[in-house]
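So you can see what is in the structure, the chains are spelled out below.
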Amino acid sequence: MSAGPNVPGATPLLQARGLNKRYGRVTALDHADFDLYQGEILAVIGDNGAGKSSLIRALSGALVPDAGEIRLAGSPVAFRSPLDAQAAGIETVYQTLALSPSLSIADNMFLGRELRRAGPLGTICRMLDRKAMQRIAREKLTELGLMTVQSINQRVETLSGGQRQGVAVARAAAFGSRVVIMDEPTAALGVKESRRVLELILDVRRRGVSVVLISHNMPHVFEIADRIHIHRLGRRLTVIDPKAYTMSDAVAFMTGARAPVEVAA
Amino acid sequence: MTDIGSSRPAAQAFELVLDKGESRVAEFEVRARSPLQKLQHFLHANPTAVPAIVLLLSVAAFGFTVGSRFLSMFNLSLIIQQVTIIGVIGAAQTLIVITAGIDLSVGAIMVLCSVIMGKLAVTMGLPAPIALVAGVAAGAGCGVLNGALVTRLKLPPFIVTLGTWSIFFALNLWYSASETIRSQEVAKIAPLLQALGTPVNILGARFTYGSFFMLGLVALIWFVLNRTAFGRHLYAVGDDPDAARLSGIRTDRILFSVYVIAGVICSLGAWALIGRIGSISPQAGQTANLDSITAVVVGGASLFGGRGSIIGTLIGALIVGVFRNGLALSDVDVLWQEFAVGWLIIIAVALDQWIRKVSA
Ligand SMILES: Nc1ncnc2c1ncn2[C@@H]1O[C@H](COP(=O)(O)OP(=O)(O)O)[C@@H](O)[C@H]1O
Ligand SMILES: [Mg+2]
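Chains A and B supply the protein sequences, listed in that same order. When you line the first sequence up against this note's numbering, it's residues 1 to 265, in that order. When you line the second sequence up against this note's numbering, it's residues 266 to 625, in that order.
Next up, chain A with everything else stripped away, as it sits in the complex (with noise of 0.2 Å):
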């Protein structure tokens, strides 16, 4: 079961070529590159505000770049908004996790793509099927293992950080049918948890849905990820094979402290 994606010359399944996005006088991305491959873990490592957040929110349609192309499975995509990104399959964790405290959990899983009952109590009076979203998310979470919560109908407000963090990897890793985007997904996780994150993450890809983890854990990247891009003042410095470097010498590109060699694993 090896990843083996990087085969050159195939086409990246998410791609993306000079992306530009400034806020005022920040130049949050700046000509940056991103190379995504069918079934891998790529790993986004560099610095606080060195623009990964900022790369993936262009990715999923939650920021509109000033310039720049992105392609999905070779054709140029424009997505408006994360609704266009969902559509195509792409499904992010947010580093902000994007909840609505006030709704349950259950509500939350299914946010923006809600079940309605079948027969005319669904198609004319809109009618949930609370049953089943219910169901559902309860299936996800158990899955995912890293969350006692008293009933799936528990408003969102009433969790902790880290078992919000554990509804919004859920939620992310149900619906992606190509792409699982997840921005420091396991930030608010003690040690237990951010491993059944990690597990998760490869179940994910034994799907075959790429995923994009940005993480400042070095070990935890070593660990999973099949190539590691490494951003730098808002651009990609490099990719990297871990098996090829040291999590020294990751840091040390991340930090400017040492240049890349030859760029491109």
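It should be emphasised that the hints constitute simulated quantities derived from the structure, not laboratory data. One or more hints might be untrue.
Here are the in silico distance ranges between beta carbons for each label pair [stated by the list, open to error]:
1. B/Gly481 / A/Arg206: 49 to 55 Å
2. B/Trp439 / A/Thr123: 43 to 49 Å
3. B/Gln618 / A/Phe222: 45 to 51 Å
4. A/Gly74 / B/Gln302: 56 to 62 Å
5. B/Ala442 / A/Tyr23: 52 to 58 Å
6. A/Arg195 / B/Ile612: 47 to 53 Å
7. B/Phe569 / A/Lys131: 27 to 33 Å
8. A/Gly119 / B/Glu444: 50 to 56 Å
What the simulated footprint calls covered on chain B by chain A, stretch by stretch (three residues with Cβ under 8 Å from a Cβ of chain A suffice, anywhere in the stretch; the number is not a length) [unchecked claim]:
9. 487-500
10. 505-518
Cβ coordinates follow ideal geometry from the N, Cα and C atoms, glycine included.
Following the hints, position chain B with the ligands against chain A.
Only chain B with the ligands this time, still in chain A's reference frame:
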């Protein structure tokens, strides 16, 4: 294992696993809490508990001080009649407040629509159903203006509706030429406009079609808020608009439609208003704006959005009605009714602030 019947036990086993999953969690939340914190958590989880308790207490208090004049079936049903308009307009306000907005123009929309209905049907002699539909269309139009200003120009709802309140009220004075259409004329030419005032006597209680119309509207909105995706999205947009957008909700579309829906509900309120007072006056329903906000806030909704329920608003409207009615029966001057309602609002908002501080 190959027969079809085996699928049923399998499903049960599966459900057993789920049950286990749920009970395992009982140990979560073992932190010790003070009684006050427990109360805070309870109120946080049950937002309509406070208004329900307040309603019961105030009915008991007036029952005790005023006696059977207050507690009679006739008087209690009268209160429901008296809160018909607040209930309908409060329903519109609830939807807006859930999205973290506020609509100061609801009262003006209602009066404008009632004048349009009256002018078309009574003065111009158009068929009453057409006048009614035109009034509803006008309400929707007012909502379109509010919604467009809020979502397209990104202006704060408070400012937008403060402005449109004046605009709609001025249009209302202009179109009506500040003249009232008398009740007898309406009854003679367009009785349909007064239909919601038709009384219904049940066991000494006296309701009107309007009371049932209001309760039906509340039930419908309860369904929309709790059983449809649109309702869930209203809460999500009010709670955290960025999170809602990232979840794939078209927040502007939701906001726009909620103002239009509120406008339509206000136009239905106009119909109920004509039924309630009989005549059609450009000066009627002046208190509807503040009363609706009072009902919503006293009913446990948060002006910060994301929290609130239509049942809460109904209870809030009833609390206001009970206070007004009970104080009036106690021969207390109207000014003290206003005094009491004012405190009611402030206490409700203070309570909401406190409940919101609940530690997760
Ligand atoms: N919405 C925003 N408004 C203004 N500046 C922003 C915004 N989002 C990001 N930035 C700036 O863009 C730069 C890159 O931020 P970000 O993409 O969040 O980096 P990272 O995720 O790598 O820490 C930072 O300097 C940040 O301050
Ligand atoms: Mg970031």
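Here is how each hint holds up against the structure:
Range check, glycine 481 of chain B to arginine 206 of chain A: Cβ separation about 52 Å, and the 49 to 55 Å hint holds. Between tryptophan 439 of chain B and threonine 123 of chain A the Cβ separation comes to about 44 Å, which falls inside the hinted range of 43 to 49 Å. The beta-carbon spacing between glutamine 618 of chain B and phenylalanine 222 of chain A, approximately 48 Å, falls within the hinted interval of 45 to 51 Å. As the Cβ distance of glycine 74 of chain A to glutamine 302 of chain B is approximately 57 Å, the hint placing it in 56 to 62 Å holds.
A hinted range of 52 to 58 Å for the beta carbons of alanine 442 of chain B and tyrosine 23 of chain A is consistent with their spacing of about 54 Å. Distance hint check: the CB atoms of arginine 195 of chain A and isoleucine 612 of chain B are about 49 Å apart, consistent with the given range 47 to 53 Å. Judged by the Cβ atoms, the range 27 to 33 Å given for phenylalanine 569 of chain B and lysine 131 of chain A holds: they are separated by roughly 31 Å. Between glycine 119 of chain A and glutamate 444 of chain B the beta carbons are some 52 Å apart, a value that agrees with the proposed interval 50 to 56 Å.
Counting residues of the stretch 487-500 of chain B whose CB lies closer than 8 Å to any CB of chain A gives 8, so the stated coverage by that chain holds, three being the minimum. Under the rule that three or more residues need a Cβ within less than 8 Å of chain A, the assignment of the stretch 505-518 of chain B holds, with 10 such residues.
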